[in-house]
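Number of protein chains: 2
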Amino acid sequence: MKENRSKNIRSEFQVTYEYDVFFTKELFSLENILLSEFFQSKKTDKMKKKVLVVIDQGLFNFHNKILESIPQYFQSNVESVQLIEDLIILPGGETSKNDSNGWELVVSAINQYGIDRHSYLMVIGGGAILDMVGYAAAVAHRGIRLIRIPTTVLSQNDSGVGVKNSINYFGKKNFLGTFAPPVAVFNDSSFLVSLEDRDWRSGMAEAVKVSLIKNKVFFEWMESHVSELTHRDLTTMEHLVYECARLHMEHIQNGDPFEFGSSRPLDFGHWFAHKLEYLANFSIRHGEAVAIGMALDSIYSYLSGFLQESELNRILNLLRDLGFQFNHPVLLKNGKENLELALKEFQEHLGGKLTLLMLEGIGFPKEVYTIHLSLLESAYDRLVGWK
Amino acid sequence: MKENRSKNIRSEFQVTYEYDVFFTKELFSLENILLSEFFQSKKTDKMKKKVLVVIDQGLFNFHNKILESIPQYFQSNVESVQLIEDLIILPGGETSKNDSNGWELVVSAINQYGIDRHSYLMVIGGGAILDMVGYAAAVAHRGIRLIRIPTTVLSQNDSGVGVKNSINYFGKKNFLGTFAPPVAVFNDSSFLVSLEDRDWRSGMAEAVKVSLIKNKVFFEWMESHVSELTHRDLTTMEHLVYECARLHMEHIQNGDPFEFGSSRPLDFGHWFAHKLEYLANFSIRHGEAVAIGMALDSIYSYLSGFLQESELNRILNLLRDLGFQFNHPVLLKNGKENLELALKEFQEHLGGKLTLLMLEGIGFPKEVYTIHLSLLESAYDRLVGWK
Chain A
1 MKENRSKNIR SEFQVTYEYD VFFTKELFSL ENILLSEFFQ SKKTDKMKKK VLVVIDQGLF
61 NFHNKILESI PQYFQSNVES VQLIEDLIIL PGGETSKNDS NGWELVVSAI NQYGIDRHSY
121 LMVIGGGAIL DMVGYAAAVA HRGIRLIRIP TTVLSQNDSG VGVKNSINYF GKKNFLGTFA
181 PPVAVFNDSS FLVSLEDRDW RSGMAEAVKV SLIKNKVFFE WMESHVSELT HRDLTTMEHL
241 VYECARLHME HIQNGDPFEF GSSRPLDFGH WFAHKLEYLA NFSIRHGEAV AIGMALDSIY
301 SYLSGFLQES ELNRILNLLR DLGFQFNHPV LLKNGKENLE LALKEFQEHL GGKLTLLMLE
361 GIGFPKEVYT IHLSLLESAY DRLVGWK
Chain B
1 MKENRSKNIR SEFQVTYEYD VFFTKELFSL ENILLSEFFQ SKKTDKMKKK VLVVIDQGLF
61 NFHNKILESI PQYFQSNVES VQLIEDLIIL PGGETSKNDS NGWELVVSAI NQYGIDRHSY
121 LMVIGGGAIL DMVGYAAAVA HRGIRLIRIP TTVLSQNDSG VGVKNSINYF GKKNFLGTFA
181 PPVAVFNDSS FLVSLEDRDW RSGMAEAVKV SLIKNKVFFE WMESHVSELT HRDLTTMEHL
241 VYECARLHME HIQNGDPFEF GSSRPLDFGH WFAHKLEYLA NFSIRHGEAV AIGMALDSIY
301 SYLSGFLQES ELNRILNLLR DLGFQFNHPV LLKNGKENLE LALKEFQEHL GGKLTLLMLE
361 GIGFPKEVYT IHLSLLESAY DRLVGWK
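For the record, the sequence lines run as chains A and B.
Using full-length UniProt numbering, you'd call the opening residue of the first sequence number 1 and step up by one each time.
Using full-length UniProt numbering, you'd call the opening residue of the second sequence number 1 and step up by one each time.
Source of the hints: derived by calculation from the structure; they are not laboratory data.
Using N, Cα and C, we set each Cβ at its ideal position, and we do this for glycine too.
Careful, some of the hints might be misleading.
As the list claims (entries may be wrong) - Which residues of chain B face chain A? A partial, calculated answer using Cβ under 7 Å:
id: 1; residue: S11
id: 2; residue: V21
id: 3; residue: D116
id: 4; residue: F258
id: 5; residue: K353
id: 6; residue: T355
Using the sequences provided together with the hints, build the complete structure.
Okay, here's the thing in structure tokens:
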């Protein structure tokens with residue numbers, strides 16, 4: 001007789017996470033006491049915790065003074081923690097995630113300097129190095145305290161304020177990683193001034209994304225501020241970053257923060273963007289790829305009868321007016337024949353059934369579980385031919 | 001003027017975890033439908049998830065039939081998931097955690113077989129391989145579903161039912177790892193029958209530990225069942241495992257599951273045990289080291305005036321009657337001069353201030369924040385001289 005002969009004990013518990021994302025200017029200026037107040041607020045006993053700092057090499061073209069201003073800041077303003085004097089400088093960009101060398105170096109430094117679970121790892125740079133260092137922080141001693149200081153539009157309004165970290169492995173994007181919230185994020189807009197135009201622009205793709213799936217008012221605000229945004233008005237960009245970060249964080253908090261389910265609304269436009277980045281060997285920026293991915297999915301939504309043509313045009317126009325292009329060489333070369341593979345890889349990464357977001361309107365997403373390949377190919381042809 | 005010129009957005013959310021620990025016999029017997037019912041209960045859509053199985057090589061001395069019974073079981077009883085036919089066999093024991101080779105192999109298999117976030121990694125073996133495979137499951141795709149099937153007393157009543165995983169790195173125990181609850185644990189008592197005497201005994205140390213810090217009734221139950229336990233009565237051992245696992249899980253659930261604070265009550269006796277294992281080059285079992293660590297801390301508690309002599313004697317007698325010895329060669333050789341270093345390393349691993357548990361009575365722990373080295377050395381001398 002078949003039977004279930006067993007007893008069981010159920011474990012059920014909740015873990016509470018909280019962190020602040022601060023918006024400031026000149027974080028390491030001696031006049032700015034935000035960071036010192038933060039460390040003071042975290043102090044629970046008389047022991048001085050350590051702070052190990054990792055800096056994205058890419059910053060040094062414009063911000064090489066940071067090597068002096070950080071030690072000066074800690075010496076003058078911060079009594080409650082001890083800065084590790086050896087600031088670690090590592091190359092950033094997607095290639096920093098492509099093998100485990102950078103990760104290994106950070107983990108070694110954590111060991112070498114005796115950084116414990118209640119000490120801090122502070123990383124300053126773009127989204128890729130934030131991801132890589134975040135992964136090191138998440139697994140060393142089963143998790144040490146991570147402070148992110150994102151320096152690009154993309155990392156300040158999107159990846160840097162969220163709960164994920166990762167490196168690429170086996171040639172697959174984000175194959176290794178965890179969900180591990182930081183203890184704080186400091187968004188310093190003075191880093192944005194020196195960004196290359198491509199990076200300034202690229203980061204806005206995630207703002208368009210979050211407006212498309214969450215908030216039409218924000219979409220319309222971008223439509224009416226295209227000129228300020230493309231002419232690099234910093235105050236306007238600060239608002240874009242704040243609003244995008246706010247919507248992003250609101251989504252994480254009210255949704256499924258650690259993605260136990262299959263749905264991934266924040267990945268709108270991303271299934272194809274991930275593949276494009278690989279096909280272009282990362283010569284395309286993440287935001288540029290996301291803009292193409294969103295344009296493709298918006299056209300698909302229109303061809304499927306979900307989205308009105310007038311709204312499709314507004315979406316494509318905003319992306320174009322912000323400076324995004326839909327005729328990247330890799331699209332013309334071999335993008336189309338990789339559509340099916342890209343869907344398959346995205347499904348595997350999601351786990352479980354394919355769940356994609358399409359649009360019923362600006363600010364109104366729609367989940368779909370099947371994709372008609374012929375329709376997708378038509379959308380693709382329209383995309384590359386779009387003027 | 002110094003000022004805090006910033007605004008901020010706070011993110012605050014809770015993540016809910018739940019899992020069952022099942023107690024059964026002959027899990028892969030065709031008559032036992034527990035496992036097939038489990039997979040059926042987890043099914044949420046029509047897709048068949050995959051199950052990748054990793055087995056501890058150490059099992060094969062006595063359980064080599066498992067290579068046939070697992071495929072048979074899945075073929076006959078399990079419709080809702082797809083077994084990956086290639087069962088992965090890896091060496092277990094602490095050495096499997098000492099480098100990243102085993103971990104790398106498991107992560108490669110996850111990639112090779114396309115195991116996604118909603119598929120399963122099932123690991124069968126002792127606590128060390130559970131830790132190592134658990135760490136691979138926790139970081140691949142940012143976390144795939146882990147099923148643990150612990151096969152030793154120690155892993156069934158302690159490590160295997162908890163929320164941690166790890167590997168050793170830089171020669172430091174558990175340097176890399178995460179907090180990541182499994183989706184289920186299946187404790188099959190039939191694996192215990194074939195354990196070596198040392199392993200049967202060693203696992204009981206954690207039961208003594210949890211009774212000392214949580215539950216005097218359980219301590220007294222062990223005192224009155226020493227004979228059955230040492231003569232390997234399986235029903236008595238099943239009760240010990242169940243009760244120890246229950247108290248362990250209750251503690252995790254009601255405490256600080258991911259150890260954000262500094263207190264680590266479940267580590268009673270462990271600060272010195274960890275060091276002993278290294279000093280003995282893992283020729284000592286974890287439980288044997290924990291028994292010595294608990295004896296040392298109990299004597300220290302007595303010498304500090306916290307614990308009555310009569311209760312100290314009951315503790316040391318129970319440990320001795322269960323077969324633990326306090327005269328391990330490594331203790332006589334260089335244990336004493338490593339006491340201070342062991343405290344320092346434990347503090348670093350804890351993070352923050354030193355927080356140790358001592359005893360005020362059986363079932364009544366007391367947190368202490370400083371250790372008097374001379375008193376500790378006296379306790380040590382008593383320990384190694386104890387008859």
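*Mind listing which of the numbered hints don't hold for this structure, in increasing order?*
The structure conflicts with hint 6 only, although it agrees with all the remaining ones.
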